[in-house]
Amino acid sequence: MEDSEIVRLYWERSEQAVPETAAKYGGYCSAIARNILDSPEDAEECVNDTWLGAWNAIPPHRPEALSTFLGKITRNLSINRWKRSRADKRGGGIAAVLDELGQCVSGADDVERALDQKELIEAINAFLAALSPEKRGIFLCRYWYSDSISEIAARYGMREGTVSMALNRLRARLRRYLLERGFEL
Amino acid sequence: MTGIQLYEALGEVNGEYVRQAREGVKVKRPPWRGWAAAAACLCAAAALAAWELRPIGNLVDTYTTAIVSGYPGNTGGQYPVPQPGEYFCTMDVREARRHYAGEDVAFVLAFDLFKNGSVQPGVTEDERRAEYRRLTELGFTLCEAEAWTYRGEGEKEYYTIVVGAFTEEQLAGFPVNPEYGYMFRFVYNGDHSSLDGDQLITAFETNYAC
Chain B
1 MEDSEIVRLY WERSEQAVPE TAAKYGGYCS AIARNILDSP EDAEECVNDT WLGAWNAIPP
61 HRPEALSTFL GKITRNLSIN RWKRSRADKR GGGIAAVLDE LGQCVSGADD VERALDQKEL
121 IEAINAFLAA LSPEKRGIFL CRYWYSDSIS EIAARYGMRE GTVSMALNRL RARLRRYLLE
181 RGFEL
Chain E
1001 MTGIQLYEAL GEVNGEYVRQ AREGVKVKRP PWRGWAAAAA CLCAAAALAA WELRPIGNLV
1061 DTYTTAIVSG YPGNTGGQYP VPQPGEYFCT MDVREARRHY AGEDVAFVLA FDLFKNGSVQ
1121 PGVTEDERRA EYRRLTELGF TLCEAEAWTY RGEGEKEYYT IVVGAFTEEQ LAGFPVNPEY
1181 GYMFRFVYNG DHSSLDGDQL ITAFETNYAC
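Protein sequences appear in the order of chains B and E. Residue numbers are given in our numbering: position 17 of the first sequence equals residue 17, and the series is strictly consecutive. Just remember that our numbering sits 1000 ahead of the position in the second sequence, which is counted from 1.
A hint or two may mislead.
As the list claims (entries may be wrong) - Each pair of labels, with its calculated beta carbon distance range: (1) 1103(E) with 118(B): 46 to 52 Å; (2) 181(B) with 1084(E): 33 to 39 Å; (3) 1117(E) with 76(B): 54 to 60 Å; (4) 24(B) with 1169(E): 55 to 61 Å; (5) 150(B) with 1169(E): 47 to 53 Å; (6) 168(B) with 1150(E): 19 to 25 Å; (7) 39(B) with 1133(E): 47 to 53 Å; (8) 2(B) with 1150(E): 42 to 48 Å; (9) 126(B) with 1126(E): 46 to 52 Å.
Unchecked claim - Chain E regions said to be covered by chain B (calculated; three or more residues, Cβ under 8 Å): (10) 1001-1013; (11) 1157-1169.
Read the hints as simulated data drawn from the structure, not as lab findings. All residues carry an ideal CB built from backbone N, CA and C; glycine is no exception.
Generate coordinates for the entire structure from the input sequences, incorporating the hints supplied.
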């Protein structure tokens, strides 16, 4: 079913919207959740919660790209689940990803110095816009989808070492880019 | 700021980029085309396809001249390490400059930097960046390019390199930094194809990676 048809079902409050969404995007959202969470059960719950989130958000929302709209909900739900679970144990599916991103920032959880989130996102978007599509894709596969290095290498037809090297450079570029624009990382 | 905060912020980036990241399965490199193809098979100036640099950073309006990114001349050979304050061009660059003398072209060239007339110790990353910045402040157009070579069992390996678009006038009067020697050369991919316009990533100061 076309995305526009699925969105129309949501707007018509048809309960068929959920199974249609799950049939088309279940695998996509599951992959995102599993990359973040160790527990398959937790991941599955987040995916199910994604359908509920979509049901509550559409309407009034009318997503242009249903896939990324759903993926974003899954990602946020999974991050929240991961935050709750890390109180009990260190690590988790995104531990390596967070360690890498930690190299871009100070690590200080300073709530007093709240970054302007909107400006930060705009700056990151500008940074991404200046990258080649391939570099941007590699970066987002790792830090948006939390894909493993080997998955990214397979997807882009590159060696794992090449992907790791590219990510190293991109993180350094992002850090430098944000610092030069006055962000206190 | 913590890693998780940055990770959460990344979740809010342009959805189109996120979508493209998954669609961009095994990005295909374009075959020779545009000025790369022209530069590779040219035998007369008329054969050179005019190519306007893509709208990236400060390159956008700078050149509407023809671009030469390679020349089918002698690309091998050994060269002395340039002494501080000196600059050399490889043989194929010299041949290209002779061939296009008097024509409105710009050469896309990388340049290696040497200190103390020696390969070792090499120029540090900070020094290299400072030199790139000096040249851009002098009005030179530098750009990061992504070239590739073969590694292992014939796998392509991509790497980034800073290149400049130099006119004959700029090369002839190149304002050397007396601390460095310079070696100008064309950048070739692993199959000896010249840099393609699509391999130019971004203007130097916009987003330089090395």
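Here's how the hints hold up against the structure:
For the pair residue 1103(E) and residue 118(B), the beta carbons lie near 50 Å from each other, so the given range of 46 to 52 Å is met. For residue 181(B) paired with residue 1084(E), a C-beta distance near 35 Å keeps the hint of 33 to 39 Å intact. The hint said 54 to 60 Å for the Cβ distance between residue 1117(E) and residue 76(B), and at roughly 58 Å that hint holds. At about 59 Å, the beta-carbon gap between residue 24(B) and residue 1169(E) stays in the expected band of 55 to 61 Å.
Distance hint check: the CB atoms of residue 150(B) and residue 1169(E) are about 50 Å apart, consistent with the given range 47 to 53 Å. As the Cβ distance of residue 168(B) to residue 1150(E) is approximately 22 Å, the hint placing it in 19 to 25 Å holds. Look at residue 39(B) against residue 1133(E): about 49 Å separates their beta carbons, and that is inside 47 to 53 Å. At about 43 Å, the CB distance of residue 2(B) to residue 1150(E) agrees with the hint of 42 to 48 Å.
For residue 126(B) and residue 1126(E), the Cβ-Cβ distance of about 25 Å falls outside the hinted range of 46 to 52 Å, so the restraint is violated. Against chain B, the segment 1001-1013 of chain E contributes 13 residues with a C-beta closer than 8 Å to a partner C-beta. That satisfies the three-residue criterion, and the hint holds. With 3 residues having a Cβ less than 8 Å from any Cβ of chain B, the segment 1157-1169 of chain E passes the three-residue criterion, so the hint holds.
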